[in-house]
Amino acid sequence: MLRMIAARLKTTIPSLIGVIIVTFLLTRVLPGDTAAYFAGPAASKEAIADIRGKLGLDRPLPVQFVSYVTALAKGDLGTSLTTGQAVTADLAQRLPASAELTLFGLLMSMAIALPLGVLAAVRQGSWIDHLCRIIATAGVSLPVFFTGLLLVYVFYFILGWAPAPLGRLDVFFSEPPRVTGFLLIDSLIARDAEMFRAALSQILLPALTLAIFSLAPITRMTRASMLAVLGADFVRTARASGLSSGKVIGTYAFRNAMLPVVTTLGMVFSFLLGANVLVEKVFAWPGVGSYAVEALLASDYAPIQGFVLTMAILYVALNLLIDILYGVIDPRVRLEA
Amino acid sequence: MSAPPLLDVRKLTVEFATRRGTVQAVKAIDLSVGKGETVAVVGESGSGKSVTSYAMVRILDRAGRIADGSISFSGVDLVAASEAQMRDLRGREISMIFQNPRAALNPIRKVGRQIEDVLVQHVQATRATAREKAIEALEKVRIARPEERYDAYPFELSGGMCQRVVIALALACQPQLLIADEPTTGLDVTTQKAVMDLIVELTRERGMSTILITHDLGLAAAYSDRVVVMEKGRVVETAGALDIFRDPQHPYTRKLMKATPRLGMSLQDLLPDGREVRERPSPEGEAGAAGSPARSPLGPPLLVVENLVKEYPRPPKGSLLARLTGKAEPEAQPFRAVDGIGFEVRRGETLGLVGESGCGKSTTSMMLNRLLDPTAGRILFDGQDIGAIPAKGFAASPFRQRIQMVFQDPTDSLNPRFTAERAIADPILRMGKIRGRAALRARCEELARSVGLPTELIDRFPHQLSGGQKARVGIARAIALDPDLVILDEPTAALDVSVQAVVLNLLDELKQRLGMSYIFVSHDLNVVRLLCDRVVVMRSGRIVEQGTAEEVLGDPKAAYTRELLSAIPHPPA
Chain A
1 MLRMIAARLK TTIPSLIGVI IVTFLLTRVL PGDTAAYFAG PAASKEAIAD
51 IRGKLGLDRP LPVQFVSYVT ALAKGDLGTS LTTGQAVTAD LAQRLPASAE
101 LTLFGLLMSM AIALPLGVLA AVRQGSWIDH LCRIIATAGV SLPVFFTGLL
151 LVYVFYFILG WAPAPLGRLD VFFSEPPRVT GFLLIDSLIA RDAEMFRAAL
201 SQILLPALTL AIFSLAPITR MTRASMLAVL GADFVRTARA SGLSSGKVIG
251 TYAFRNAMLP VVTTLGMVFS FLLGANVLVE KVFAWPGVGS YAVEALLASD
301 YAPIQGFVLT MAILYVALNL LIDILYGVID PRVRLEA
Chain B
1 MSAPPLLDVR KLTVEFATRR GTVQAVKAID LSVGKGETVA VVGESGSGKS
51 VTSYAMVRIL DRAGRIADGS ISFSGVDLVA ASEAQMRDLR GREISMIFQN
101 PRAALNPIRK VGRQIEDVLV QHVQATRATA REKAIEALEK VRIARPEERY
151 DAYPFELSGG MCQRVVIALA LACQPQLLIA DEPTTGLDVT TQKAVMDLIV
201 ELTRERGMST ILITHDLGLA AAYSDRVVVM EKGRVVETAG ALDIFRDPQH
251 PYTRKLMKAT PRLGMSLQDL LPDGREVRER PSPEGEAGAA GSPARSPLGP
301 PLLVVENLVK EYPRPPKGSL LARLTGKAEP EAQPFRAVDG IGFEVRRGET
351 LGLVGESGCG KSTTSMMLNR LLDPTAGRIL FDGQDIGAIP AKGFAASPFR
401 QRIQMVFQDP TDSLNPRFTA ERAIADPILR MGKIRGRAAL RARCEELARS
451 VGLPTELIDR FPHQLSGGQK ARVGIARAIA LDPDLVILDE PTAALDVSVQ
501 AVVLNLLDEL KQRLGMSYIF VSHDLNVVRL LCDRVVVMRS GRIVEQGTAE
551 EVLGDPKAAY TRELLSAIPH PPA
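Chains A and B, in that order, are what the protein sequence lines are.
The first sequence lines up with residues 1 to 337 when you count with my numbering.
The second sequence lines up with residues 1 to 573 when you count with my numbering.
If you're looking for bench data, these hints aren't it; they were derived computationally from the structure.
Check each hint, because a few of them may be wrong.
Computed footprint of chain A on chain B, listed as stretches where at least three residues anywhere in the stretch have a Cβ under 8 Å from a Cβ of chain A [said to hold, decoys possible]:
id: 1; stretch: 19-25
id: 2; stretch: 108-118
id: 3; stretch: 396-409
id: 4; stretch: 460-466
id: 5; stretch: 548-556
Residues of chain B clear of chain A, computed beta-carbon distances all greater than 12 Å [claimed, not checked]:
id: 6; residue: 53
id: 7; residue: 121
id: 8; residue: 122
id: 9; residue: 136
id: 10; residue: 172
id: 11; residue: 181
id: 12; residue: 238
id: 13; residue: 309
id: 14; residue: 512
A virtual CB, placed ideally from N, CA and C, is assigned to each residue, including glycine.
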């Protein structure tokens, strides 16, 4: 197992190097002038040039790249010009917020999608199969900002069940001592039930928005994969041996059907993590997505580079995790490693 | 029989809902199995024999349903029984074993656990005693070191071993009836014999009844008391095993009997009386093929294989840490799949390459066909060492069109998106000299005619053709470039016996007419006996015996050849 992980990590080094180079170049060729942006609309040419010199943007590209990589090697992602903070500090603050939201949304989605997909496959062609198709299609057809606004309108504005969509925690609470950065977990560690409930009520609507969107791929993949496995010879053997349908579907079919589902989960997770900007905007969620978009609009290089690199590393870590999960599920994968 | 039968099936009809309406797969069949009796159900594909068995335990798939009839098992009406009652009976009173044992086991669950699941389900064991009982069950099917095998996954076991596990699974709860659906199809003859002997011994020991579903008449004859012959969903004949072979009543039974290759018969004997090899006569229509199989005098050697070796590296052992610190074990000797073999094929000759799975016969045929590079040795084709031409570049070599291949699975070896014509034209388009749409079409039609494929079928796609027709397309493709040598890799293994009979005759006739040589790779010694002039017997990458077919198969010198021959189940003559 360790050998597999080591081998897998080794193969990711070239792609990470590629990511570093490409993001560096991309941010440089993007239209927009950082110095002009920060000097303000009324600044003189000299003031802009002065700022450009301070930022080091007047130096040739290779020199800029070397200094970027040197800083990177020391764990320094640079400083954001918009927030005035170190990018590492910003990301450390915001990444857990995004991760918590995405993870929670994905868990909600799985809680609905997996049973629904399994049921749809077991009762193929029944009303539940059609329901599954309708829910999945509707979920993926509605844009997340629309679903989000709709949920806010219904649950906050009309019904008043949900709190105002203003970030991770009500303003009356101060954040719990930071352990994981996930408020739900940190508040539990701090044994603060009140705060846990507050954090939960804040995260429910945005997570539900994400869950509705990600229902489709997970449900459809679960259904397709279950259908394939239910037709397999070993399921027939299990049925012919008189095993209960719970055992046949749960232990025999579902575990075998999990492999493609796990892959889909990984893809959906990494996609959501970076792409839920709209949800973050609607719910004023202080995540990395909105952070990156703001930096991009300001031509603020350091946060963009930091964001893309972080995403790449996360993606690598996630894929590694999926590979390990594969090994846990399927002994044949363990052997190949 | 005075006692009431254990299983009594009356007027059973099974229907399948398809897009084109309902289809009756089984039509009002009667079948009974007495206590301790073994009944064989014999038929070709599509005869409804497997569907019958699935209906008995009610595991038909969604589209199928029992439309009519009754099934009574020890007085219980299985058609009317609730799903819960059925679940209780399955595995405890009626068990099944299937073909393709590796696929029949859950690939990601330890085999021991799978046996435990059945034991616990039927309250034959508690969680505490399950492991012990599962190991006991493995012991009973004579699996060596059962404690270790308990933790094995199906992919770590051989096919024969997997079938033993499936048998252990089926017999774990001491059922009264065992339904064995093609239990040995795809297994080697010696493994087949071991598995069948084991089934017979275990079922006899417990006084169990058995239904043996098979397409192999020899197997049915050797291992059953009574034989039920099915054709197109109907039972056409039921008789004692000996009677049915001595005196088959129904024409279909007679046709099946005739098509089964046996000792002391010729290729033509396989065909139904008055049946031509080709579905329509070829324009040439020569007389030679219909007569006795007078072998043409053998020419000079076409292919000479000298000291051919194929090695595969073994996976390195030891952990990464051990290898990094240099403490790994010394590099293992590479695995020799083919270990220094030599033989020759003359012009116009058919050489049989026989042996069990893993003996290296497929590796050898891949090397001869130049799809795989040998590690050492020479392959002299017409005096030239074609082994020296790398496999990657062989497609561009002029020798490519002189050596062609017919593959084992007629379905899988055709591109599903190519029509039969396109499939046959493929080698011509790549290497042939024919240019122009009309000329190509004419050549394809000519080839189709020569393999007995009606020309109106050549615009069809593979899924619109029968197994025998697809085999013909594969053969037409192989002879499209007038090769000197055709390598046939189990060309009839996936076909029913009656289709096999026709295809074998076609191959023989084509060889006579076109003057080709064949290398016929097969595990079916009866077929090899009929078709081959000389035979090479392989085991573990080496040749154990070679000589003329009469010598090797009639009076084998090597103990291994004798073992292979004696493992073939023979219908009583």
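Structure-based check of each hint:
Using a Cβ-Cβ cut-off of 8 Å, 0 residues of the stretch 19-25 of chain B lie near chain A, which falls short of the minimum of three, so the contact claim is violated. Counting residues of the stretch 108-118 of chain B whose CB falls under 8 Å from any CB of chain A gives 4; the rule of at least 3 is met. Counting residues of the stretch 396-409 of chain B whose CB lies closer than 8 Å to any CB of chain A gives 0, so the stated coverage by that chain is violated, three being the minimum. Only when three residues or more bring their CB closer than 8 Å to a CB of chain A does the claim for the stretch 460-466 of chain B stand; here the count is 0, and the claim is violated.
Residues of the stretch 548-556 of chain B lying with their CB closer than 8 Å to a CB of chain A number 0, which falls below the three-residue condition for coverage. At the 12 Å boundary, the C-beta of residue 53 of chain B falls inside the reach of chain A, the nearest C-beta of that chain being 9 Å off. Here residue 121 of chain B does not stay apart from chain A, with its beta-carbon only about 5 Å from theirs, under the 12 Å limit. With a closest Cβ-Cβ approach of about 6 Å to chain A, residue 122 of chain B is found to fall inside the 12 Å limit, against its non-interface label.
Residue placement check: residue 136 of chain B keeps its beta carbon more than 12 Å from all beta carbons of chain A (closest about 17 Å). The non-interface label for residue 172 of chain B is inconsistent with chain A: the shortest C-beta to C-beta separation is roughly 9 Å, within 12 Å. Against chain A, the non-interface label of residue 181 of chain B is violated: not every CB pair exceeds 12 Å, the least being about 10 Å. With 12 Å as the threshold on Cβ separation, the claim that residue 238 of chain B sits away from chain A holds: the shortest Cβ distance comes to roughly 25 Å.
The claim that residue 309 of chain B is not at the interface with chain A holds, since no C-beta of that chain comes within 12 Å of its own (minimum 27 Å). With 12 Å as the threshold on Cβ separation, the claim that residue 512 of chain B sits away from chain A holds: the shortest Cβ distance comes to roughly 42 Å.
The structure does not agree with the numbered hints 1, 3, 4, 5, 6, 7, 8, 10 and 11 stated previously, though it agrees with the rest.
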